[in-house]
Structures are given as structure tokens and as C-alpha cells.
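Going down the list, the protein sequences come from chains A and B.
Residue 315 in the working numbering is what sits at position 315 of the first sequence, and the numbering runs on without skipping anything.
Residue 162 in the working numbering is what sits at position 162 of the second sequence, and the numbering runs on without skipping anything.
There may be inaccurate statements among the hints.
Unchecked claim - Chain B is faced by these chain A residues, among others (derived, beta-carbon under 10 Å):
1) W95
2) S172
3) T397
Don't read these hints as lab results, they were simulated from the structure.
Virtual Cβ for every residue (Gly too), placed ideally from N, Cα, C.
Residue-level listing of the chains:
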Amino acid sequence: MNIQLLLAGIALAAPLYAHQLNKSWPTYNGDYSGRRFSELSQINASNVKDLTLVWTYDSGGVPIKATPLMVGGVLYFTVPDHAWAVDARTGRELWHWTTKSRGGIHIGNRGMGMYKNWLFFVTPDDYLVSLDATTGKERWRVEIADLKLDYFCTVAPVVVGDHVFASPSIESIDNRGYLASYDPVTGKLQWRWYATPKPGAPGSETWPNSRAQKHGGGAVWIPGTYDPDLNIYYFGTANPQPVMAGQGRKGANLWTNSIVAVNPDTGKMVWFYQTTPHDVHDWDASETPVLFDAEINGKPRKLLAQANRNGYFFALDRTNGRHIVTSKFVPNNWAEGLDATGRPIRNPKKDPQPAGTIVFPSEGGGTNWFPPSYDPQTGLFYVRVTRSGAVFYLTDTSANPESWGGMDKSVWSGPSSIEAIHATTGKIVWNHPTGRGGTSGVLTTAGKLLFGGDGSGNALALDPDSGRTLWHVNLGATMRNGPITYELDGRQYILLAAGAKLFAFALPKQ
Amino acid sequence: MLSNPKLSLVLAVIGTAVPHLSAQGLNLYLPPKQNPAAVARGKQLFQTNCSFCHGPEATGGNGGPDLVGSVLVNNDHHGNLIGPVVHNGRPDKGMPSFSSKLTKTQVSDIVAFLHQRIRNVRMRFSYKVKNLAIGSAAAGKTYFKAHCGSCHSASGDLKEIASKYPPETLQQLWLSPQSVLPRSANSPVTTVTVALPSGQRFSGKLTHLSEFNVSLYDSQGYHSFPITSGTKLQVHDPLAAHEQLLKQLTDSDMHNVTTYLETLK
Numbered sequence: 001m002n003i004q005l006l007l008a009g010i011a012l013a014a015p016l017y018a019h020q021l022n023k024s025w026p027t028y029n030g031d032y033s034g035r036r037f038s039e040l041s042q043i044n045a046s047n048v049k050d051l052t053l054v055w056t057y058d059s060g061g062v063p064i065k066a067t068p069l070m071v072g073g074v075l076y077f078t079v080p081d082h083a084w085a086v087d088a089r090t091g092r093e094l095w096h097w098t099t100k101s102r103g104g105i106h107i108g109n110r111g112m113g114m115y116k117n118w119l120f121f122v123t124p125d126d127y128l129v130s131l132d133a134t135t136g137k138e139r140w141r142v143e144i145a146d147l148k149l150d151y152f153c154t155v156a157p158v159v160v161g162d163h164v165f166a167s168p169s170i171e172s173i174d175n176r177g178y179l180a181s182y183d184p185v186t187g188k189l190q191w192r193w194y195a196t197p198k199p200g201a202p203g204s205e206t207w208p209n210s211r212a213q214k215h216g217g218g219a220v221w222i223p224g225t226y227d228p229d230l231n232i233y234y235f236g237t238a239n240p241q242p243v244m245a246g247q248g249r250k251g252a253n254l255w256t257n258s259i260v261a262v263n264p265d266t267g268k269m270v271w272f273y274q275t276t277p278h279d280v281h282d283w284d285a286s287e288t289p290v291l292f293d294a295e296i297n298g299k300p301r302k303l304l305a306q307a308n309r310n311g312y313f314f315a316l317d318r319t320n321g322r323h324i325v326t327s328k329f330v331p332n333n334w335a336e337g338l339d340a341t342g343r344p345i346r347n348p349k350k351d352p353q354p355a356g357t358i359v360f361p362s363e364g365g366g367t368n369w370f371p372p373s374y375d376p377q378t379g380l381f382y383v384r385v386t387r388s389g390a391v392f393y394l395t396d397t398s399a400n401p402e403s404w405g406g407m408d409k410s411v412w413s414g415p416s417s418i419e420a421i422h423a424t425t426g427k428i429v430w431n432h433p434t435g436r437g438g439t440s441g442v443l444t445t446a447g448k449l450l451f452g453g454d455g456s457g458n459a460l461a462l463d464p465d466s467g468r469t470l471w472h473v474n475l476g477a478t479m480r481n482g483p484i485t486y487e488l489d490g491r492q493y494i495l496l497a498a499g500a501k502l503f504a505f506a507l508p509k510q
Numbered sequence: 001m002l003s004n005p006k007l008s009l010v011l012a013v014i015g016t017a018v019p020h021l022s023a024q025g026l027n028l029y030l031p032p033k034q035n036p037a038a039v040a041r042g043k044q045l046f047q048t049n050c051s052f053c054h055g056p057e058a059t060g061g062n063g064g065p066d067l068v069g070s071v072l073v074n075n076d077h078h079g080n081l082i083g084p085v086v087h088n089g090r091p092d093k094g095m096p097s098f099s100s101k102l103t104k105t106q107v108s109d110i111v112a113f114l115h116q117r118i119r120n121v122r123m124r125f126s127y128k129v130k131n132l133a134i135g136s137a138a139a140g141k142t143y144f145k146a147h148c149g150s151c152h153s154a155s156g157d158l159k160e161i162a163s164k165y166p167p168e169t170l171q172q173l174w175l176s177p178q179s180v181l182p183r184s185a186n187s188p189v190t191t192v193t194v195a196l197p198s199g200q201r202f203s204g205k206l207t208h209l210s211e212f213n214v215s216l217y218d219s220q221g222y223h224s225f226p227i228t229s230g231t232k233l234q235v236h237d238p239l240a241a242h243e244q245l246l247k248q249l250t251d252s253d254m255h256n257v258t259t260y261l262e263t264l265k
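For reference, chain B alone in the conformation it holds in the complex (with noise of 0.2 Å):
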């Protein structure tokens, strides 16, 4: 264990997160935004011709394969690839020509019902829970008087925030308020006191800890320390109250909470 027990507990309080991957982050390959005119008719085409063997969301049913992930459909432009397919068939694998039951446009239709398929599946980021209000209200706003009622209320600062949010961020919010709010001038200060080993003390907003480096502000400005043997810190952060709470909360506490604070419209 690092010698001095003190500074480790500190440190644990700050620093920068890792940041979080986004699509625009990851440079995700995407096919092109289509049509929703030509996806929708599409997509009507696809069940009534094609779901029978490649299911109903084309990632394969009876007999036929997976379109999404197949190498033919990804590697298709605008019909060069499906288009010879669906036309001719594959006689040797049971496929047979759609050549005389869909027109050119029809196809291309269906086309275009694949690449947004495909698109869909690739944009994670985008994907949106369902009910989160699971749980039981009232046992809720009880546990939420016990744990959380000696720093906020629902007729105060929690005041029909559930119409600010949306449910998974409101979730997220309660349980860890560091993830979600920017650190902006409104955003809760944590603040340090370090006493020098000369006996001086300064107290105010914490800038930076590391384990060679203490910085805040003050009314008089900016002060940077280097952190010695005899240097001695005591770090207040407003929301380290909720990564308490974290640690032995259940996930029927959550369900509880989040169903309270939903209903705080």
C-alpha cells in the first residue's frame, strides 16, 4: 500500500474521467441515411416476399440467410449486388427469380429497406431504453427521505425533474451526478483546505490533485502547492455522497427511487 493512506483516500476523490466512446469518436463506417418513402415501401415488399426465408427483420428464418450481416448486401451499391440476385435467383440454394413478381423500382425499394437496416443495427448510440418505472413509488419516496432528503427535496431543487430528463438520464443522474452535469460554474464545488507544513492554511476551490500537486482558488487567486510529507489536505466533495450511496445500493433501491422520481412532473 502506498505510505501515506490519507493522500490515497484524496486521490481517489478527483481527476479526469476517461472519456466516453461516441459514435462520432469511433468514426463508425456507415451506409448512407435512404429514403424512409423507399425503406417503409420497402419494408412492406420484404415481408411479403422475402420474411418467409430471411425473417421478418432479414437477419435469417427458414432456411435463408442473415442479410444484415451477409457480405453480398454490405458490399451492395444501390442494387449492383442484390439486384442480380433477386432477379436470377440461386437455384442451387433453393432461391427462386423474383424477376417477374417485382418491378425495378420494387427492388430497389427493398434495397433500400436493407442499407437502413443495416444502418440501424450499427448506430448503438442511439439505441433508447423502455419503462424504467418498475418499481414501487411509494418505496421509493420512502428510501429517498432516509438517504437522500438531508440535501434535496421534491418541491425544492428536485422540482419536476422528470420532465427535464429523460428517464435513463434521470437514473443516471440520481445515482452518480458527476456523469452526467458538465462542470460549469453552477455544477456543486469541491473544496480543498491544505495546511503547509509552515502552519499556513489555505482553503478554496479545488483545480487539481495529483499525488505531487495540489492547486485551488481563493478570494486572493490562484495558489499551487507541491504536496511534501508534512503537507496535509482535507478535500470536500458535495457529491461524494452519492458514490457512498453507490456502493450499497440494490437494484431494487433503484427501481424504487427512479419510479418516486419519475413521478416528479
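Bound conformation, chain A alone (with noise of 0.2 Å):
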């Protein structure tokens, strides 16, 4: 099945980069707008208590943290070094791909990209592979980083036109973060875009001189958003390395730390609007930029939201990048207010400090990788988020720290709970807490429904106005990825994660 061709077959009606998500899930976010929304209404709010088990699937230990894809009744997703193709109907294994490692952080996989008949995917060890989705058989991989130098991978690859994006994430070493774009067919390189400029070029005058912008940061972990009207791909930065030590490095540090628009075809840079200046506290703004459509004083307006790690919730314009809102979502003591464009302005009392201080949020932040959900139906952005906070030390007081430079002691795990944020005004209105811990995504779909998870293994059904369960289910360990629907055969499935194993829920038969 040819992605493209799912997305030629929209109704004229719906924008395009919100084709109407309805019986398959082809892409990391469902559709190329991030919202996870879903068309489909079988399951609804009347009926969902009625769910019932159709399948699992064991892929047998590593917990799954991909979005699975569901294209032609096949599921495919990953964990580090594995791949799998299971009958999205059955849960019936079709092929299962694995590689020796040579190494490199396993922290996680995204899951896959897809074009045509072939699948896309990173492995830890810095490799863009590419399999024929019929048979499992790898066609290509090309090395998209080099591992000696700390560079690892987790994002799912994006695929728009004739583009796959993927890029490196980093840990310990100072080097530039990147994303690039691959040709479907070859693999061959067609661009990069860094996320520090060249010394002497446009965005230096925010680095203290080319030492430091070189070692860079600025890593591109999530895959991002895609408005095909605009022709823009949206995507966003993580920290500026050392990662809390910023006495080498004066300055706002462009373009970490940022929601960055670029244009699929050259990778040029069409506008960025930085979340975090300097920051010292790991609050990459990695996280999904979702598109949306709104009437903000009576006009219609296209929209992009962000909750960012640093606690904070951002709605701006998409076509240039212009500050809509900024809002608090969780508790934080980081910032003095905003400026003029609504970005926070940092305490410098709170950055690290050689006999600690403490910050809410804490590393982990307010939220992180867990994808949200947009609904166009209630205009709420959901997002699962958490209370925290760490006393953060500076240990290398150095002149040109390197790596991390310092390192934070959690003092408060805090409530987590899905938060439902007014998407123009990011007011909050209303929060559902889910306990402790859990790193579940969110889906909305049509029938009145919003799925998540808790901390204590239960998925959840809410209802996406007020916030109250409808239903639920303990899968016996907490989600770490986002939930999907499907419709196969008339029926529509919900597929939820649970560390290794794959849940399918649908109605009963009639």
C-alpha cells in the first residue's frame, strides 16, 4: 500500500495535512498533522464499556515504545534491533526482522516510516534500514551518524514525497545535532539541516564563538509534523551540549532547544521560534508539534501546538512561526515570565549551581517523548504530564565544560495525570490524574473517546469533554507508547501496548 496514494484518496473537504484519519494508520502520528485523531466512530461513548479482547501479541521483552503502522491489514512496528510485521486481525506473527548490534544507547525505538511497499526504521547503532514490507528482507541500510562519537537512534522515520527523514539523537558526547533526508529508493543522501549554524553564518551571533557553536547539540529525537498546503515539515530541537553547564557556551544557543519549519524538498530553514534560550536543564523541545485549524478572533487561522518538556504549552502560528500563546501546565520556578514573543525568560538562579538548587520541573520535565492528541471536535490539546522536581548541581565550574558538566537529584515524583489544554488560550480544563509514573500517548477518535493510560497498568477511556473514565482495562504494565485504531472488515480495533505485548480490542460480533 502506497502512502501517497492513502493520502491522494482525502475528501476535498478535510485540509490536506489532516486527511481524514478513518480505516488505516499509516503513518507515526496516523496522519501527517500529529493530532492522532481518528474519523472512526463504531466505538463510541455509548458502547465502549462493551470492549472486548480479539488478540495479543507477545514480540517477548523489550517494552514497545513504537506507534505501531496498520497499512493492508498488516501491523508493523519495532523495539531496538527488532522488527515485525503481525495480522493486524489475528495478531498472527507474518515476519520478524532482527540485526546484531554494534552497539549504541537502546533506550527506545519510535517505530517505522513507510513508501510504497517498503518500511523505514533506525537502528541503535546509527543505521537507516529499509525492509519490503511483504517479505521482512532488508533492501538497504546506510549509516545516518557515527556511533564512536555518541550519536544513537530512536525517532520513527517520516516519509513525505520523496523524502524519508531520520536523524541521530545524542547523550554524552558535544557534537551537532541533525536532521536529514534520505531517497526512498537509493538511500542515498539528499540534505541535512543542523541544528547549530556554521561559524560566521546567521544564528552565531547567539553562540560565544565557534568552539561552542561546534559543539552543538540540538538533537532531533521525535518525528515531526507536515502541512502539504504550505509545503512545510515541522519538527523540534532537543538541549544544547554540555547539557547543564552553559558557562562555555553565553548566549541563546540557536537553534536548540526550538519548533523548527523547513521545507521537505531543500531543507532550508523557513522560520523557528526557540521554546527554551540557553537552556541548561535537558527541556528539549523535542516534543510533537501538532497542526491544527482555529477561528482566533473570528478568523480562521493555522495553528501549531507544542507542550514542551520545560512545562510550558505553546500555540503559534504555522505559517510563520508567530507566537499565538504560552501557558503553564505544570508547576515550574525556572522562568521570571515571558518576553515579548512569549518565550520564557530563565531565572539564572536556577540553572545549576555547585551546591544545587532546586527546580520544578525536574530533567524528565513536564512532559516528554508520549505523543498528544488534538481533537477538532472539543478543540482540546491532551497531553499526558507530570509534576516533578530535582535539585540540579553544576560539577564542572571549568571555563569549557564538556558533555553533561553537572547532573540533577529527583526530590519530588509528582502526580502524573492527562491534562486536557484549550488549544488557543491554553487554559486548562480539566485533568485527570493517573497516579505515579506511566508514559502513555493519547488518541481522540470520532466516537467521543480519548484513550490513555494510568501508572498502575490500566488503559483508559475518557470522556474527551470532561475528563471521566468510561472505561478500562490493567494490561499488567503501563503503556509507553501511543494507542492506534484500525477498521478491517467493517470492525474497528483499538490496539493498545503493554510492555512487550500488543492488545487488540473491538466490539463484539453482532
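Take the two lone chains and join them into the complex the hints point to.
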């Protein structure tokens, strides 16, 4: 099945970026918008209590953090060094691909991208791999970063036109982050966009010298979103390096911790918006930039929203990156206010200190990689959030620190919840407590349902208007990915993952 | 907001924390550990011969590039890539040949120093904080008496506490015992009283609480109850006071109390 064909078959009434996502789930976020909103409504608020288990599949031990694709009746998903195809009706395994790893950090894998009958995913040891979707046979692999420089990969590739976007992550060694585009046929590199400017180029004025600039950071951890009308690809960049010791990189450190818009054909930047200037707490801006349209002061607007790791929710005009709203969604104490463009103003007293400073939220942030959802029926943005705090220490006080240069010690792993944020005002409309811990994403559907998980291994279906619980089931482990939904033979399925297992639910057959 | 505000408060009290990252969990790619004697000799040789251009820590200096982040150095294996550069120099970039100045063994010592540098940089979980006792012990003692004295005493449960923990752990411990102490038989117990719609009441050690279920141990054994609209819960977490304190604590309060606790040796 061809994603381009799937996208071409959309109803013209719907905007291109949010083609009607219904029977299939062909990209990491379902469609290009990042809304994770499905038009399916067979399962709805009145019958969700009747959901029944159809099948389970055990992938064998490593927790699933990938959002599966569902194309042509087959599910495709990954964990580090492994990929599977599973029958979406029965849970029967069709093939399992695995590879011997050269190393790299095995923290998780977000899933696949698809083009025609080809699959694309990355490995911890820095390969972009392409498989034949029918057979699971490897077509090619290309090295997208240098493993020995501490690059490793977790992202789910996104396919736009004849481009496959992939990018490495960074942990300890100070290097530049980048987004790269590859030819889906050959794996040939098409372009790279670097998250720090070349010495002397625009943006350099936000770094003290070329050494600091080259030490970089700004890795692209999470798949981005795309607006075909504007032909713009949106993604977030991570923290500058060294992570917690900022004295050797005074300045805003562009384009780290930014929401970035690029032309997918050239990799040229269209605009950027930095959410945390000169970050020293590891609060990357990687979280999904969700695209939606809404009226502001009676005028229709093309918008983008992100719940950021730094504890602030941002809404922007996605045509030009201009600021619409900034609001707090968890307790945070590191900013002295907002500047004229809605960016938090950092309080330098809350930078890591040799004897420590108490900061809310902790390094893990107000939210993290878990995919959020936007429901056009309610106009609300839904995200799993955590309240937290840590003491941040500066351990390297030299003029030119390296790597992390500091650390944080957790002092508050507070309550987590699913929050509903009004997407154009930033106001919190409801808050559904989910205990402590838990890292599930969120899905909304036209059946007036929201699916997510709590910290005790329960999968939840909530009323997206009020946050009231409509259904739950304990899956025995916490959810670590985003739930999806699809329809086959006239039957709608809800696919959840907990631990290493997949669970498919549907209504009983009539 | 959730319809049952009491429940949301209760849910805030218990649960599983997100596990914290460790070097092992991350499967960090680390260059192998080098012979310490070779590293020490290599460091000395590097200071004499290389630091002018590459900086004393090999992270770049007067014209020479950063070697810790260098593609060539990171991909080097026992000097197979570094050796030829030192031997031949890079005349096009202004680096002279060191073939007449450094022996083969000396070059291999410099290689050992560089690989150890890269290893140390990557091991962020072994970072150490320095002096945390920067506050006023007297002010810390006053704060302690006012806010901690009803549960703790310097001559009782906290006697010689500073000898038992390194400073950063001690600071984390008093701010948030939950984050440090393993949940063991001796750790403070969270208790719960459950009042069922039938009027029956159970009290005991809380084992699990979610939106849907509460379970506990009492003298009779294990009990597990579904939570319905008529279920009433009262949770007592003996460590909750620490969480409350944290919300009002200033950094100078923290420094003062830690400075005071550091005197308890």
C-alpha cells in the first residue's frame, strides 16, 4: 500500500495536512498533522463499555515504545534492533527481522515510516534500514551518524514525497544535532539541516565562539509533522551541549530547544521559534508539534501547538512561527516571566549551581516523548503530564565544560495526569489524575473517546469533554507508546501496547 | 477536573516513580579503560607537546581542534589513526611532525590519555558534587527545629547522619526520603483506612491504589476492594510532610539545613 495513494484518496473538504484518518494508520502519528484523531466512531461513548479482547501478541521482552503502522491489514512495529509484521485481524506474526548490534544506547525505538511497499526505521547503532513490507527482507541500510561520536538512533522516520527523514540522538559527547533526508529508493543522502549554524552564518551571534557552536546539540529525537498546503515540515530540536553547564556557551544557542519549520525538498529553514533560550536543564523541544486549524478573534488560522518539556504549552501561527499563546501546564519555578514573543525568561538563579538549586520540573520535564492528541470536535489538546522537581548541580565549573557538566537529583516524582488544554488560550480545561509514573500517549476519536493509560497498568477510555472515565482494563504493565485505531471488514479495532505485548480490542461481533 | 476531588488528592500520594536513568540502563558506548600509568605519562607528554594548540584538556586551544569530540580520535584503535597524524603532522593545517620528538611508546601513552579523556567525559553518572555546606549552620539549626523537630532529632534518629551518606545523597535524602530510601521492611509505611459503602472499615498498610482499586494488608491478611462512588479513603503517608516542605523551601533554606546536617558527624 502506498501512503502517497492513501493521502491522495482524501475527501477534499478536509485540509490536506489532516486527511481523514480512518481505516488505516500509515504514519507514526496516523496522519501528517500529529493530531492522533481518528474519524472512526463505531466504538463510541455509548458502547465503549462493551469492548472485548480480540487477540494479543507477545514480542518477547523489550517494552514496545513504537507506535505501530497499520496498512493493508498488517501491523508494522519495532523495538531496538527488531522489527515485526503482524496480522492486524488475528495477531499472527508474519515476519520478524532482527540484527546484531554494534552498540549504541538502546533506550527505545519509536517505529517506522512507509513508502510504497517499503518500510524504514533506525537502529541504536545508527543505521537507517529499509525492508520489503511483504517479506521483511532487508533492501538496504545506510549509516546516518558516527556511533563512536556517541550518536544513536530512536526516531521513527517520516516519509514526505520522495524524502525519508531520519535523525540521530545525542547523549554525552558534544556534537551537532541534525535532521537528514534520504532517497527512499536508494538510501542516498539528499540533505542535512544542522541544529547549530556554521561559524559566521546567521544564528552565530547567539554563541560566544565557533568552538561552542561546534559542540552543538539540538538532536531531533521525535518524528515531525507536515503541512502539504504550505509544503512545510515541522519538528523540535533538543538541548544544547554541554547539557547542564552553560558557562562556555553564553547566549541563546540557536537553534537548539526550538520548534523548526523546513522546506522538505531542500532542508532550508522557513522559520524557527525557540522555546527555551540557553537551556541548562535538558528540556528539549522534541515533543510533537501538532498542526490544527482554529478561529482566533473570528478569523480562521493555521496553527501549531506543543506541550513542551519545560512545563509550558505553546501555540504558534504555523505559516510564520509567530506566537499565539504560552501557558504553564505543570508547576515550574525556573522562569521570571515571558518576553514579548512569549518565550520564558530564564531565572539564572535556577541554573544548575555547585551547591544545588531546587527546580520544578525535573530533567524529565512536564511531559516528554509521549505523543499528545488534538480533537477538532472539542478544540482541546490532550497530553500526559508529570509534576516533578529536582536539585540541579553544576559539577564542572571550568570555563569550557564538556558533556553534561552537571547532574540532577530527583526530589519530587509527583502526580501524573492526562490534561486537556484549550488549544488557542492555553487554559487547562480538565485534569485526570493517573497516579505516579506512566508514559502513555493519547488517541482521540470521532466516537467521542480519548484513549490513554495510567501509572498502574490500566488502559483508559475517557470522555474528551470532561475527562470522566468511561472504560478501563488492566494490561499488566504501563503503556509506553501511543494507542492507535483502525478498521478491517467493517470492524473497528483499538490497539494498545503494554510492556512487550500488543492488545487488540473491538466490540463483540453481532 | 475529575469528579472526585478527594480521589485525585489520594492518587497523588502513591504510585510507581519513573525509573531514573543509569549508565547501565543506557548501554553507553564507552571506550575501554586505559592503563592508569600510561594515562599519567600520556597526560604529562600531552601538556608538554600538544596542549599549546589543543588545550590542556584536549578540547581545543590556540588553533588546534578539540580532540575529545574529534571523529578521527573517537574512531582510533590503539593509535592506528592518531599515530600517523603525530608522526607525519598536518603541514597543510600548520601541525608539525613529532616523529623526531616522540618515541613510539610515548605516542601510545598520549593515545591512552586521549581515550581515557573520552571515557571520563561520557561517564556522567560518576560526576561528583563538591562543597554543599555553603549556608549557615546556625540558621539551618533554627529552621530544622521549627520544621523538622516534631519528627526528627539531631541526637536521636539523625545522630551522625552526615557520616552515613555523601553530601549530595544527604541533601536529597532530607529533601525527599522517598527518592532515596528503598521501600524495605524498615521504611516508613503508608497506611490507609477504607470505608466501604456497606459501612465496613478496613485499616492497614497500603499496597496499591489506583482510580479503580485499593488494596491493603492488616492483621487478617490481604484485602483488595474496587473503588465505587460510595468508597471513602483516608491515606496517611508519613513522608508527606517532606513533599509539603519542598513546595515552600527556598534554596538558602536548603543550603542552611544541609550545612547544619553536615555538622552531625
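- Interface hint for S172 of chain A, Cβ within 10 Å of any Cβ on chain B: Constraint on S172 of chain A satisfied, holds at 4 Å.
- Message: Let's test the interface hint: is any C-beta of chain B closer than 10 Å to that of W95 of chain A?
- Response: violated (26 Å)
- Message: Given a cut of 10 Å on the nearest C-beta pair, is the interface hint for T397 of chain A held or broken against chain B?
- Response: With Cβ-Cβ at 8 Å, under 10 Å, it holds.
Of the numbered hints given earlier, the model fails hint 1 alone.
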